[in-house]
Amino acid sequence: MTIKEADRVLPVTAGESDPLRERRSVVQPSRIKIYEPLIIGTLSVVIALTAWQLVANARIYSVLFLPGPWDVAQAFVKLFQSDDIWLDIATSGSEMGIGYGLAVVVGLVLGMLMGWYTRFQFALDPFVNFFYSTPRIVLIPLFILWWGIEMQPKIAVIFLGALFPIIINTMAGVRNTEAALLRVARSFGASDALIFRRVVLPGSVPFILTGFRLGIGHALTGVVVAELIAAKHGVGQIIAIAGQTFQTPKMLAGVVLIACTGMLLTTLLQRIENRFQSWRPQIR
Amino acid sequence: MHDRSAKLAAKGVVIEYWLHRSKTLFTAVKGVDLEVRPGEFLAIVGPSGCGKTTFLNAVDGLLPIADGSLTLDGREITKPGPDRAMVFQQPGLLPWRTVLGNVVFGVEAQGRISKAEAIAKAKHQIELVGLKGFEDAYPLELSGGMQQRVNLARALLTDPEMLLLDEPFAALDAQTREMMQLELLKIWSQTRKTALFITHDIKEAIYLSDRVIVFTRRPGRVKNVLEINLSRPRDLRVKRDPQFLTYEDEIWESIQEELAVPAERLIAGVPAA
Numbered sequence: 001m002t003i004k005e006a007d008r009v010l011p012v013t014a015g016e017s018d019p020l021r022e023r024r025s026v027v028q029p030s031r032i033k034i035y036e037p038l039i040i041g042t043l044s045v046v047i048a049l050t051a052w053q054l055v056a057n058a059r060i061y062s063v064l065f066l067p068g069p070w071d072v073a074q075a076f077v078k079l080f081q082s083d084d085i086w087l088d089i090a091t092s093g094s095e096m097g098i099g100y101g102l103a104v105v106v107g108l109v110l111g112m113l114m115g116w117y118t119r120f121q122f123a124l125d126p127f128v129n130f131f132y133s134t135p136r137i138v139l140i141p142l143f144i145l146w147w148g149i150e151m152q153p154k155i156a157v158i159f160l161g162a163l164f165p166i167i168i169n170t171m172a173g174v175r176n177t178e179a180a181l182l183r184v185a186r187s188f189g190a191s192d193a194l195i196f197r198r199v200v201l202p203g204s205v206p207f208i209l210t211g212f213r214l215g216i217g218h219a220l221t222g223v224v225v226a227e228l229i230a231a232k233h234g235v236g237q238i239i240a241i242a243g244q245t246f247q248t249p250k251m252l253a254g255v256v257l258i259a260c261t262g263m264l265l266t267t268l269l270q271r272i273e274n275r276f277q278s279w280r281p282q283i284r
Numbered sequence: 001m002h003d004r005s006a007k008l009a010a011k012g013v014v015i016e017y018w019l020h021r022s023k024t025l026f027t028a029v030k031g032v033d034l035e036v037r038p039g040e041f042l043a044i045v046g047p048s049g050c051g052k053t054t055f056l057n058a059v060d061g062l063l064p065i066a067d068g069s070l071t072l073d074g075r076e077i078t079k080p081g082p083d084r085a086m087v088f089q090q091p092g093l094l095p096w097r098t099v100l101g102n103v104v105f106g107v108e109a110q111g112r113i114s115k116a117e118a119i120a121k122a123k124h125q126i127e128l129v130g131l132k133g134f135e136d137a138y139p140l141e142l143s144g145g146m147q148q149r150v151n152l153a154r155a156l157l158t159d160p161e162m163l164l165l166d167e168p169f170a171a172l173d174a175q176t177r178e179m180m181q182l183e184l185l186k187i188w189s190q191t192r193k194t195a196l197f198i199t200h201d202i203k204e205a206i207y208l209s210d211r212v213i214v215f216t217r218r219p220g221r222v223k224n225v226l227e228i229n230l231s232r233p234r235d236l237r238v239k240r241d242p243q244f245l246t247y248e249d250e251i252w253e254s255i256q257e258e259l260a261v262p263a264e265r266l267i268a269g270v271p272a273a
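As you go down the protein sequences, you meet chains A and B in turn. All residue numbers for the first sequence refer to this note's numbering, where the first residue is 1 and numbers rise by one. All residue numbers for the second sequence refer to this note's numbering, where the first residue is 1 and numbers rise by one.
Just so you know, these hints were derived from the structure itself, not from any lab. It should be emphasised that the depicted structure is a prediction, and the values quoted were computed from it without experimental measurement. By construction, the Cβ of each residue, glycine as well, lies at the ideal position given by its N, Cα and C atoms. There could be a bad hint or two in this list.
[Claimed, not checked] So the derived list for chain B, only partly shown, Cβ under 8 Å to chain A, looks like this:
(1) 81
(2) 92
(3) 94
(4) 106
(5) 138
(6) 140
(7) 141
(8) 249
My request is simple: use the sequences and hints to build the entire structure.
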């Protein structure tokens, strides 16, 4: 009898002798706990929108000055019923795609070369520092002079905007390779190519993805600002024209469109980042 | 004078390196003469900073020697090679690779066998170091002792002529360290690979070794050599054997003489922090 009881006692380590505590720490988190971030986040957005709507409904200011969220939502729907919207989105989208895509390719290559070969870094550092410390948007007038108001100036601005964060972060990733890991690889006689592929590159992934994420922010700023200044089509152009013609809800609808794109892309990258980090123990 | 039967032979080895901050040439070891016999377990102990780890790095081929000669089976050591494998003080595991992935990393780096073959052999090796069932765990999920088992398995899988161990148990807690010593001996007795073991732990050195070499303070040289005549296999009780304690006293006294040097002389030449 007593032996049987002893057999049933679960092994408990120090500090977990309280059975209640033990259970709480081992059992998988409840459904509510898992969805907590989503629930709280949604609630706070709903509250903020309601507050905004209430203030707007009071009509202390005209719709021109302070449209409510409902006005913006209606403008958003109307925006998508217009004929030009898809052309605008396609224009901004391809500018973004081409510019950012080029920045990823060039940034990765240059960043890795600069991280791996010190002399290459010495050669390029002045340029990287010069451009990184300058808002690349100020070059728009020059690009318009070169290419007019077609897509090229926007692509150039997006490219330059995203390029430098990607270069700098990739380089930092390569540079931050743990000395102990390099020593192990060298000790086993690994070739430089193998060290790069198996040690340096995987170790740089978190840095590189951070660079991509920062790059997206810069690229979005680039596309909108460039289109605000001069463009034939594009979401930035919608915002510019709506603003100049006092269609404030439509203008804000354009802003929402940009913001959603940014959030979507960033979330996507965050997902990829998490996939690469599955080896890290969960903090929660 | 050269003993043809020696596995590793060091003659008048000098290792220097340039210190960038103080712009001085730093002599880590100066005139090391020693031989490691085939199949022997040899430990080097010495006061901290005596250059014993530096010497081991030179044996591994990671550091060049400034003077003297360092040969393995009569061949000059100039760079790392598949005839040697190092077990590091810090495990140095790739955090994004599983235990299995880390164990095969050594042979993968050497590029001598196919990945499939490596994985098959690795499974056996993982079992040998007592990590069966943890093949798919990531290093950050392992304890320090388990990480060092991976470190050891990675070196053993390359099937080296000579195993180099750089204070592999120094960072472990006392109990884990003793268990690891016991298991290392068990594994070593199965393979009988020539082993060069660096440690600052005198008991550890005696317990594991056939011979213990004491280094002088920096720049390190061989101060004396002690044959350890304790029968194998050894269990942990050997550590209380009167003969064991005699060895311990002898080595401790030898090291103490080196520590008793005035502090200024120890510090001289070392750059200010």
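- [ ] Would you list, in rising numerical order, the hints stated earlier that this structure does not obey?
- [x] As far as the earlier hints go, only 8 is violated by this structure.
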